[in-house]
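> Generate coordinates for the entire structure from the input sequences, incorporating the hints supplied.
For the record, the sequence lines run as chains H and L.
With the first sequence counted from 1, adding 652 to any position gets you my numbering.
With the second sequence counted from 1, adding 652 to any position gets you my numbering.
Treat the hints with caution; some may be incorrect.
Pairs involving identical chains hold if they fit within one copy or between any two copies, as the list cannot separate such chains.
[Claimed, not checked] Listed next, the in silico DSS-like pairs over lysine-lysine satisfying Cα-Cα at most 25 Å (straight line):
#1 Lys716 to Lys896
#2 Lys897 to Lys717
#3 Lys803 to Lys735
#4 Lys798 to Lys768
#5 Lys897 to Lys716
#6 Lys797 to Lys717
#7 Lys699 to Lys803
#8 Lys699 to Lys717
#9 Lys734 to Lys798
#10 Lys803 to Lys954
#11 Lys734 to Lys803
#12 Lys717 to Lys878
#13 Lys797 to Lys954
#14 Lys896 to Lys699
#15 Lys699 to Lys797
#16 Lys897 to Lys735
#17 Lys768 to Lys896
I should point out that these hints are in silico values taken from the structure, not numbers from a laboratory.
Number of protein chains: 2
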Amino acid sequence: MNDHEKNCKAATIATPQLLSPQNAADLLHSVDAFLFDCDGVIWKGDKLIDGVPQTLEMLRSKGKKLVFVTNNSTKSRRQYAKKFQTLGIEVSEEEIFSSSFAAAMFLKVNDFPREKKVYVVGEEGILEELELAGFTGLGGPEDGKKMVQLKPNCLFEHDKDVGAVVVGLDQYINYYKLQYATLCIRENPGCLFIATNRDAVGHMTDLQEWPGAGCMVAAVCGSTQKEPIVVGKPSTFMMEFLLKKFHTNTSRMCMVGDRLDTDILFGQNSGCRTLLVFSGVTTQSSLQDPTNDIQPDYYTSKISDLLNLLGA
Amino acid sequence: MNDHEKNCKAATIATPQLLSPQNAADLLHSVDAFLFDCDGVIWKGDKLIDGVPQTLEMLRSKGKKLVFVTNNSTKSRRQYAKKFQTLGIEVSEEEIFSSSFAAAMFLKVNDFPREKKVYVVGEEGILEELELAGFTGLGGPEDGKKMVQLKPNCLFEHDKDVGAVVVGLDQYINYYKLQYATLCIRENPGCLFIATNRDAVGHMTDLQEWPGAGCMVAAVCGSTQKEPIVVGKPSTFMMEFLLKKFHTNTSRMCMVGDRLDTDILFGQNSGCRTLLVFSGVTTQSSLQDPTNDIQPDYYTSKISDLLNLLGA
Numbered sequence: 653m654n655d656h657e658k659n660c661k662a663a664t665i666a667t668p669q670l671l672s673p674q675n676a677a678d679l680l681h682s683v684d685a686f687l688f689d690c691d692g693v694i695w696k697g698d699k700l701i702d703g704v705p706q707t708l709e710m711l712r713s714k715g716k717k718l719v720f721v722t723n724n725s726t727k728s729r730r731q732y733a734k735k736f737q738t739l740g741i742e743v744s745e746e747e748i749f750s751s752s753f754a755a756a757m758f759l760k761v762n763d764f765p766r767e768k769k770v771y772v773v774g775e776e777g778i779l780e781e782l783e784l785a786g787f788t789g790l791g792g793p794e795d796g797k798k799m800v801q802l803k804p805n806c807l808f809e810h811d812k813d814v815g816a817v818v819v820g821l822d823q824y825i826n827y828y829k830l831q832y833a834t835l836c837i838r839e840n841p842g843c844l845f846i847a848t849n850r851d852a853v854g855h856m857t858d859l860q861e862w863p864g865a866g867c868m869v870a871a872v873c874g875s876t877q878k879e880p881i882v883v884g885k886p887s888t889f890m891m892e893f894l895l896k897k898f899h900t901n902t903s904r905m906c907m908v909g910d911r912l913d914t915d916i917l918f919g920q921n922s923g924c925r926t927l928l929v930f931s932g933v934t935t936q937s938s939l940q941d942p943t944n945d946i947q948p949d950y951y952t953s954k955i956s957d958l959l960n961l962l963g964a
Numbered sequence: 653m654n655d656h657e658k659n660c661k662a663a664t665i666a667t668p669q670l671l672s673p674q675n676a677a678d679l680l681h682s683v684d685a686f687l688f689d690c691d692g693v694i695w696k697g698d699k700l701i702d703g704v705p706q707t708l709e710m711l712r713s714k715g716k717k718l719v720f721v722t723n724n725s726t727k728s729r730r731q732y733a734k735k736f737q738t739l740g741i742e743v744s745e746e747e748i749f750s751s752s753f754a755a756a757m758f759l760k761v762n763d764f765p766r767e768k769k770v771y772v773v774g775e776e777g778i779l780e781e782l783e784l785a786g787f788t789g790l791g792g793p794e795d796g797k798k799m800v801q802l803k804p805n806c807l808f809e810h811d812k813d814v815g816a817v818v819v820g821l822d823q824y825i826n827y828y829k830l831q832y833a834t835l836c837i838r839e840n841p842g843c844l845f846i847a848t849n850r851d852a853v854g855h856m857t858d859l860q861e862w863p864g865a866g867c868m869v870a871a872v873c874g875s876t877q878k879e880p881i882v883v884g885k886p887s888t889f890m891m892e893f894l895l896k897k898f899h900t901n902t903s904r905m906c907m908v909g910d911r912l913d914t915d916i917l918f919g920q921n922s923g924c925r926t927l928l929v930f931s932g933v934t935t936q937s938s939l940q941d942p943t944n945d946i947q948p949d950y951y952t953s954k955i956s957d958l959l960n961l962l963g964a
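So this is what it looks like as structure tokens:
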């Protein structure tokens, strides 16, 4: 890169603004819908982050639409709505766009044949969304206890009718599932390889981070030497569904997330305003690291700062 | 690439020769040592490939040194010598260079502190080689049955004294080990990330291929977003040890293998002659695919062709 290019690049990247009473008020007036990531924004594991219910309530009272866009594929939309309810927050299924739902919708809009099957390296959420969309899922938690037999004359059989493999976060990942997915992708002609997302890690519990779907997806890439179709953030695939439901322009939406490479990039790819929070995986120092080239419009500590800054 | 560059590139790649009575005799005269890969060359799973004992015997009778260089880290050198014996072939431990041994040697030559520990995502072979080299290994098969608890207030603890993580082929891969390895690499200052190899698949059984170490290594790359130090083929790290043992020049060695991206590349990187066999993962059509840019000096169906071509 020469000096001229460097200057041009620098000129096109606006410096992120720390959220303040003034720009928080501007943001509130200029958007109709807030899109929230969940892990690290709304909760950590099963624990709500401070001030979340009050913040969401305030935004609803001001007529804002709320949407929850999560890459965590372990639950279906129905299961997420239930989780919100358990945590004391009323959210409808229609307001939730999970990557498990995205995987099923990807197959639907691409006319995936009903007679074909889908092998799942992942958890219950993907299987439930596949079933709701009318597809036959195999694998998932059921295969979590299966062992392999590395013995002479033992042939590991796989279903030749599997036409797609969906890989998401899977705490029951094992060699059986890896071999099953690998055989389908390598040997079934035209078999699709779909990743719910590629998050490296996530707050599966309140106290620490754990390997994310990016770990399982990489494993299957490693054995198949193929790259997946990604349906979760930062892919904008879910935005199409969201726009059908909520009749507003993406420029009047704000994506709120804790990850630069998924949430903020998704927001930017879709043409939304973006707000980064430090209540999840990203720290202020990683935002300001010279190697980081994803800059949100705004950043703040946690979403309840909106409440305090707006004096609501 | 412009036309000139294309021509230059084409000019530097010699066309591989099908093994014939004439060039087989030339090859035999011009080398002192044959380096054999094992999976897909000597055996598939636990089954010997046709004509192997007779071929090795003929080469020994002609005074050739035989060396076995395997990326499969599930066994130690001692365990490999035993496997050869079970299959009716006499091979000494000193003739075997496995990636499990390479991992232990890498730590040794780099003065890895004895008070530090090594976490293993892999099988018995790595742990045994670590122990023989005087290091303390953790993990491995023992952690294959451990489960994780994704519950509030549960903290997954890891040993802060782990200074290296070694990842190899692991048929007992699970989320526990992936989290353990990830925490060590991300949180223990200076922790090394060593891969025995990155083979996508391998003949773990005679009837089919299975995910190789490349699958487990990719999973850990996916969660840590770090790249490993590779000690197995195509890295030439093992060649240093081999040369210390066998006093010959690499130009008088021939590497025989079934994989282009590990065996043949290792041979070329080391300055050896190279012979590709089709008894393992590579087919003639993948050798001749225009996207393949790794060309061996010679190719043939299986190593016993040497026997037939030489009329021995």
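> Against this structure, judge whether each hint is valid.
Evaluated hints:
In this homomeric assembly, Lys716 and Lys896 come within 25 Å of each other (Cα to Cα) only inside a single copy, at 17 Å, whereas the closest approach across copies is 72 Å. For the identical chains of this complex, Lys897 and Lys717 are intra-copy neighbours only, at 11 Å inside a copy versus 72 Å across copies, given an alpha-carbon limit of 25 Å. When the C-alpha separation of Lys803 and Lys735 is checked against a cutoff of 25 Å, the pair qualifies only between copies, where the shortest distance is 14 Å, while the shortest distance within a copy is 44 Å. For the homomeric pair Lys798 and Lys768, the shortest alpha-carbon distance inside one copy (23 Å) is at most 25 Å, but the shortest distance between copies (35 Å) is not.
Taking the shortest Cα distances, Lys897 and Lys716 sit within 25 Å of each other inside one copy (14 Å), while across copies they are farther apart (74 Å). Taking the closest pair of Cα atoms, Lys797 and Lys717 never come within 25 Å of each other, the shortest separation being 42 Å inside a single copy and 46 Å across copies. In this assembly of identical chains, the alpha carbons of Lys699 and Lys803 lie at most 25 Å apart only when taken from different copies (10 Å versus 46 Å within one copy). Within a single copy, Lys699 and Lys717 get their C-alpha atoms as close as 24 Å, which meets the 25 Å cut-off; across copies the closest is 64 Å, which misses it.
Taking the shortest alpha-carbon separations for Lys734 and Lys798, neither the intra-copy value of 30 Å nor the inter-copy value of 30 Å comes in at or below 25 Å. Only between protomers do Lys803 and Lys954 lie at most 25 Å apart by alpha-carbon distance; the minimum there is 23 Å, versus 53 Å within a single protomer. Proximity of Lys734 and Lys803 under a CA criterion of 25 Å is satisfied inter-copy only: 17 Å between copies versus 45 Å inside one chain copy. Neither within a single protomer nor between protomers do Lys717 and Lys878 lie at most 25 Å apart by alpha-carbon distance, with minima of 39 Å and 39 Å respectively.
For the identical chains of this complex, Lys797 and Lys954 are neighbours neither inside a copy (39 Å) nor across copies (38 Å), given an alpha-carbon limit of 25 Å. Taking identical chains as interchangeable, the C-alpha atoms of Lys896 and Lys699 are never at most 25 Å apart, the minima being 31 Å within one chain and 58 Å between chains. Taking identical chains as interchangeable, the C-alpha atoms of Lys699 and Lys797 are never at most 25 Å apart, the minima being 29 Å within one chain and 28 Å between chains. Proximity of Lys897 and Lys735 under a CA criterion of 25 Å is satisfied intra-copy only: 22 Å inside one chain copy versus 63 Å between copies.
Neither within a single protomer nor between protomers do Lys768 and Lys896 lie at most 25 Å apart by alpha-carbon distance, with minima of 28 Å and 57 Å respectively.
Taken one by one, the earlier hints fail for this structure at numbers 6, 9, 12, 13, 14, 15, 17, listed in ascending order.
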